[in-house]
Amino acid sequence: MFGPLSLSLAPYVKSSRSLSKWVTPFAKWYANAMGYRKYGFKYDDLITEENDQMQRALGRLTQREQYDRAWRMKRASHASVLHAPLPKEQWTPESEDTRYLEPHVEDILREEKERKAWDTLVVEKK
Amino acid sequence: MLAARASTARSAQRIARSFATVVDTTGVKVAAVDYNQPTASVTVLVKAGSRFQPKDGAANALKNFAFKSTSSRSAIGTVRESELYGGVLSSTLGREHLALTAEFLKADAPYFVDILTSFVTSAKFTRHEFEEYVAPVVSAETEAASRDPATLAIDTAHGLAFRSGLGSSLFAPAHHDLTVDDVKSFASSIFTKSNIAVLGTGIDQATLSSLVEKAFAKASESSAVSTPASKYFGGETRLGGTGGPQTVFIGFGTTGSPSAEHAALAAHLSPTPSIKWSKGLSPLSSLPEGISVQPVYLPYTDASLFGLLVQGPTTASVKEASKAAIAALKAASQGIKAEELKSAVAKAKFAAASSVETREGLVNALGSKIFSGVNTSLVATLSSLDAVDASAFSKATANLLAAKPTYVVIGDVHLPYVDELGL
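Protein chains in written order, with the working numbering: chain H, 1 to 126; chain W, 1 to 423.
Incorrect hints may appear among the rest.
Just a few of them, taken from the derived set where beta-carbon distance is under 7 Å, the chain W residues facing chain H [to be verified]:
1) ILE76
2) ARG80
3) HIS128
Calculated cross-link-like contacts (lysine to aspartate or glutamate; reagent style EDC-like; alpha-carbon spacing at most 16 Å) [said to hold, decoys possible]:
4) W/LYS124 - H/ASP107
5) H/LYS126 - W/ASP108
6) W/LYS124 - H/ASP52
7) H/LYS113 - H/ASP52
8) W/LYS68 - H/GLU111
9) W/LYS29 - W/ASP204
10) H/LYS125 - W/ASP108
11) W/LYS68 - H/ASP52
12) H/LYS116 - W/GLU81
13) W/LYS68 - H/GLU114
14) W/LYS214 - W/ASP114
15) H/LYS125 - W/GLU81
Not close to chain W: a few residues of chain H, all C-beta gaps over 12 Å, as computed [to be verified]:
16) ALA10
17) SER15
18) SER20
19) TYR43
20) MET54
21) TRP91
22) ARG99
23) GLU102
24) VAL123
Quick caveat, the hints were computed from the structure, so don't treat them as lab data.
We treat Cβ as the ideally placed atom computed from N, Cα and C, and that holds for glycine.
From just these sequences and the hints, can you work out the full model?
Here it is as structure tokens:
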């Protein structure tokens, strides 16, 4: 229901100039208030990875992206052990908080949907 | 009048049956033969064989990328839809050409031509498809080839004989560092109109031309790829066995266009009998059971490799058979009896004629000729074989033997060295 892959009003908001002008400051404030950036995460690091689709999506990252992701996880776990956010210079800047994983997940969901459609296809004679 | 119409129809059919004519359709060469078969096939032939690859294994990877996702349909869509139509898709790689083939029922031509052409014009070459589907198959093919001494021997022999160009392997190196970008850049450099030919069987030339014209309207129009002319070097190499039979390959290369004499020589030496239960009349037919000596004749556009592949269970028997094979070659270079030449030429003519009856044979026969624009008719091949006489035959054989041999050994250390065989 909630989270990086849930339903989103963002495309609608982005399509309207005046609406995005009003909502963007609030969205920026909200993203910072969530606190994941204080632990060096990116938004896509929050997607639940304990399922087949996510495992396949993770396999499609480049070696560099996989390494960076593991590094962020490790650094955040360490910060969690210390019961304190990272020092401020290590927080994720807004410019680096990119959706590096979401396109892959969406590709995989689309592929699964297509496979299901082909599996349950009813062939009719013309 | 009715009779006249029937006869013109028959003669028109005879013309259609004679052989493929090559027509240039908006820069793409199209040839079709229609023998009124119940099924049709279309082959898109691309000058993307291993001799043109910029990096080792790129051609093999491109072959295995065939029928993956394009901008018009996904990989699974291609497979499932083809299954619904009941067609068969395949891709084969040679040293000169990559062939993408679809075989299908006649009515489904538009769909299958679209599958073939959309791969050429709009393949996506995604990284995950390369890593999930293509790279494992590329490695598996390399592995399978390394376990088969005959394939490995001939592949290695090409490397020794021609070094670069024709010498590049059909397979990727065992630990390759290919990336999807290598394949993508190779594909974009060779998928241009002048590098593509379309061959159809069981399909009307006009139908195929119009389908191809529509599909390749947007294809890029740069010049054809070319490589430096092949040179023959020769050499010797020895590889450890992988559990198969002891294998010796004795090859001789020539440059220039393929000659009919070599085809006749291969037919002369071939121990394959024409009748069941007979051992055949070839000079190599008298070898003991369990040992095979096969002449290998591989013609390319600007060079050819002729060789004898000797395989047997023990090193001693393979050594004997290799000596006998070289003796037979030398005897052929001294001279040949008229009736032996006659039967060799007949055998070669039959092989040439019967090979164009199959789809793969037709594609092979047309493949090298269609790009160069020379006469593509079978009649020309047969008449060049007819023109072979005894002196030209032995002269061609002597010329082969005069060059430095290409010698590949796969198996135990006791297998003979090339100087032990009297070459």
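Evaluated hints:
1. ILE76: holds, 6 Å
2. ARG80: holds, 4 Å
3. HIS128: Since chain H brings a Cβ to about 4 Å from W/HIS128, closer than 7 Å, the hint holds.
4. W/LYS124 - H/ASP107: Given pair W/LYS124, H/ASP107 holds - Cα atoms ~14 Å apart, limit 16 Å.
5. H/LYS126 - W/ASP108: holds, 13 Å
6. W/LYS124 - H/ASP52: violated, 24 Å
7. H/LYS113 - H/ASP52: OK: H/LYS113 and H/ASP52 at ~14 Å, within 16 Å.
8. W/LYS68 - H/GLU111: holds, 13 Å
9. W/LYS29 - W/ASP204: Roughly 15 Å separates the two Cα atoms, so the pair holds.
10. H/LYS125 - W/ASP108: Between H/LYS125 and W/ASP108 the Cα gap is close to 14 Å, so the pair holds against 16 Å.
11. W/LYS68 - H/ASP52: Distance ~22 Å between W/LYS68 and H/ASP52 Cα, so the pair is violated.
12. H/LYS116 - W/GLU81: holds, 14 Å
13. W/LYS68 - H/GLU114: The given pair, whose Cα atoms are some 15 Å apart, holds under the 16 Å limit.
14. W/LYS214 - W/ASP114: Holds, at about 10 Å.
15. H/LYS125 - W/GLU81: holds, 14 Å
16. ALA10: holds, 25 Å
17. SER15: About 25 Å separates H/SER15 from the closest Cβ of chain W, which puts it past 12 Å; holds.
18. SER20: holds, 31 Å
19. TYR43: Nearest chain W Cβ is 22 Å from H/TYR43, so the label holds.
20. MET54: holds, 14 Å
21. TRP91: Holds: least Cβ distance 31 Å, greater than 12 Å.
22. ARG99: H/ARG99 clear of chain W: closest Cβ-Cβ about 17 Å, beyond 12 Å.
23. GLU102: holds, 15 Å
24. VAL123: violated, 6 Å
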